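Residue numbers (this note's numbering), protein chains in the order written: chain U, 13 to 77; chain X, 94 to 427.
In case anyone wonders, no lab produced these hints; they're calculated from the structure. Check the hints yourself; a few may be wrong.
Unchecked claim - If we take Cβ atoms under 10 Å as the criterion, some of the chain X residues that face chain U in the derived model are: (1) Q297; (2) A299; (3) M301; (4) E302; (5) S345; (6) M346; (7) W347; (8) E348; (9) E351; (10) H370; (11) L374; (12) A375; (13) S378; (14) K382.
Quick caveat, the model's predicted, so the values are computed rather than measured. Glycine included, each C-beta is placed from N, C-alpha and C at the ideal position.
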Amino acid sequence: MQPQTSPIVTPLRRLALHSTSTCSAQASAYGKCILSTYTDVKKDACKEEFAKFGACLREAMKRKW
Amino acid sequence: MFTALLASRRATPCIHRQTRLYAAVSASSPINPHTVGPYRIFDRHAKRRQKDRSALREAGVRSRTVDYVRDEVADRMIERLLDIKRKFSSILDVGSGPGHFSKLLESQTTDKVVMLDSSEHLLCRDPDSDFEVEVERIHADEESLLNVIPPNSQEAIVSCLSLHWINDLPGILVQIKEALQPDGVFLGALFGGDTLFELRTSLQLAEMEREGGISPHISPMADSRDVSNLLGRAGFTLLTVDVDEVKVAYPSMWELMEDLRDMGESNAVIGRRNYIHRDTLAAASAIYKELHENEDGSIPATFQVIYVIGWKPSPKQPKPLERGTAEMNLKEIL
Chain U
13 MQPQTSPIVT
23 PLRRLALHST
33 STCSAQASAY
43 GKCILSTYTD
53 VKKDACKEEF
63 AKFGACLREA
73 MKRKW
Chain X
94 MFTALLASRR
104 ATPCIHRQTR
114 LYAAVSASSP
124 INPHTVGPYR
134 IFDRHAKRRQ
144 KDRSALREAG
154 VRSRTVDYVR
164 DEVADRMIER
174 LLDIKRKFSS
184 ILDVGSGPGH
194 FSKLLESQTT
204 DKVVMLDSSE
214 HLLCRDPDSD
224 FEVEVERIHA
234 DEESLLNVIP
244 PNSQEAIVSC
254 LSLHWINDLP
264 GILVQIKEAL
274 QPDGVFLGAL
284 FGGDTLFELR
294 TSLQLAEMER
304 EGGISPHISP
314 MADSRDVSNL
324 LGRAGFTLLT
334 VDVDEVKVAY
344 PSMWELMEDL
354 RDMGESNAVI
364 GRRNYIHRDT
374 LAAASAIYKE
384 LHENEDGSIP
394 ATFQVIYVIG
404 WKPSPKQPKP
414 LERGTAEMNL
424 KEIL
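Okay, chain X solo, but in the shape it has when bound:
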């Protein structure tokens, strides 16, 4: 069993090839919204194709243009990693994309980074020379992490804005904990429930007024209060959870939607409508502007980011002392 697991883990070589993709009805995505099991919210197959396409659009130019949100969050995440006074021999970046976070790693922190993503084209978008440390790429589905990563093998696992397309969020956190060595650390950033609330509400109002009903256009996302419970339930200790916002201004809703598409963040909810009527789109654009417009005429888009740090339990870890065992009264210090 264990050898089989190891054998299935292969580094993905990046071969840059030019292929013309034709639109085709795919046979490998037979997701019927009426027969899905629990924790099936997102169409993973559609998401992988969206990401592949985003990396290939205009030979990657568009994809690089819209790196700003992930680069900003990766930058804030690296500060949290630097607070951990430890030198790693290897870090696993789950859902790395082209390596927004991995590119910022320095040789004082780690010797090597392993990037894992389900989109091969996004994974291979940027050359190794962009990274300071040694890179290994694994093309695999993040949802079945333990199929490629042996249990108890990783010193540190990071995830920068990739967990919001995972169907089974509690399950992936358990898998991450299993993949970690005892006293290993998980550092993650995921989108919170307030992300893109302006776009969500504008589309809802427009659909309601124009068509008389609403349909899912923006994914459900984890609430900051749920995340610490989920981490605790997955078996992490010494949790740190904090919430931050990245606000970006756009000329109008159209540029926001175009950039989201180029980020590979188009809608992939199972049972989504594949189109929005142009009247509804125009109405949403008008509503967005009227409801949320900035003073300078641009429109804001909020990305709420939840940062989490959790540790796999180990007997060597420091633990909180028993209540009432303190030797000094806190009142005397304060």
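Here chain U stands alone, though its shape is the one from the complex:
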């Protein structure tokens, strides 16, 4: 990988950054929840964990969706 000389900050890049570093603790909690149930995942199986992860992302991105 070459070092980026002038990184273009797109919304997707910001989402990438926040989901892997800023909110890594919440991401990890959500991932662990999926890991414990991944043989039988249903919709909203990890809703609470994702709510925290999503709230952190929205806070970091400074926007709602």
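Please arrange chain X on chain U, whose structure you already have, making use of the hints.
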């Protein structure tokens, strides 16, 4: 008929021009997922545009950065070609891209290489000076190979990681066999079914948990067991099939997806969703990391590669002897 075929085969001159492409609704891609015939899985038009765009992005810098998978596989493929003790006058590289494989060919192996690809910009990305042997480029759709390559004309045909976007895989193998001279060889590398299984499963789990359903994001790919059957069915003999893996580590799922895009390998399945919700993407990234993370904190991506060698039958070829005609007992040797 034959002259018409020959006349339609023209070498593509590479003219480097700077054009600004605007997003537009294309009229030439009217693929309706509900009325497609058999063997229509991929949107070839979308794939060609993805490849063109990948070659043009940042004037080709991004495309060259992500050559690593194809360069590695081309390197392993050339070893297999060198095992064939034959000097070719010309080799046809189907789906060559910028020539990952063709660049490695030496003048002891062949005098000339003909590269054929459906993406003109990718085909012309690198100058002739990068190649040791003479190069000819043909810009044509790989799926209708026999429209540009006359039957019984090629000594050797190679394909390095391009067959996974062909709709009719059995059909292209038949076309390759037809294009070969008797006793001509086909050497190919194609992605196997385990390719990107980490990304596939992460996206599936994320979509399932967030949205309650799954949609195609990673293409279906040929299984190693199917490939030898397909080659046999296409009429190749003396088959050799082996499977290998290339594992690449990435900082996170996001870099993997960005690199895939720059390889021109974005999703082109017919009927795909054109977007993934950002919640689903973030969820997939978290799942990928938790399920597959390496010890050093990076994430792995597996590229399973199936290497095939097949020969067009010829009466001059060596054939296996009749069962029971051996003169020596194998037990005495072993």
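Status of each hint after checking the structure:
1. Q297: Holds, about 9 Å.
2. A299: holds (8 Å)
3. M301: holds (5 Å)
4. E302: Result: holds, 5 Å to nearest chain U Cβ.
5. S345: holds (5 Å)
6. M346: This hint holds: M346(X) lies near chain U, its Cβ roughly 8 Å from the closest one there, short of 10 Å.
7. W347: Holds. Min distance 4 Å.
8. E348: The hint holds - E348(X) has a Cβ within 10 Å of chain U, the shortest such distance being about 8 Å.
9. E351: Because about 8 Å separates E351(X) from the closest Cβ in chain U, which is inside the 10 Å limit, the hint holds.
10. H370: Constraint on H370(X) satisfied, holds at 9 Å.
11. L374: holds (7 Å)
12. A375: Holds. Min distance 4 Å.
13. S378: Result: holds, 5 Å to nearest chain U Cβ.
14. K382: Holds, because the Cβ-Cβ distance from K382(X) to chain U comes to roughly 6 Å (cut-off 10 Å).
Against the hints set out earlier in the document, no violation occurs for any number.
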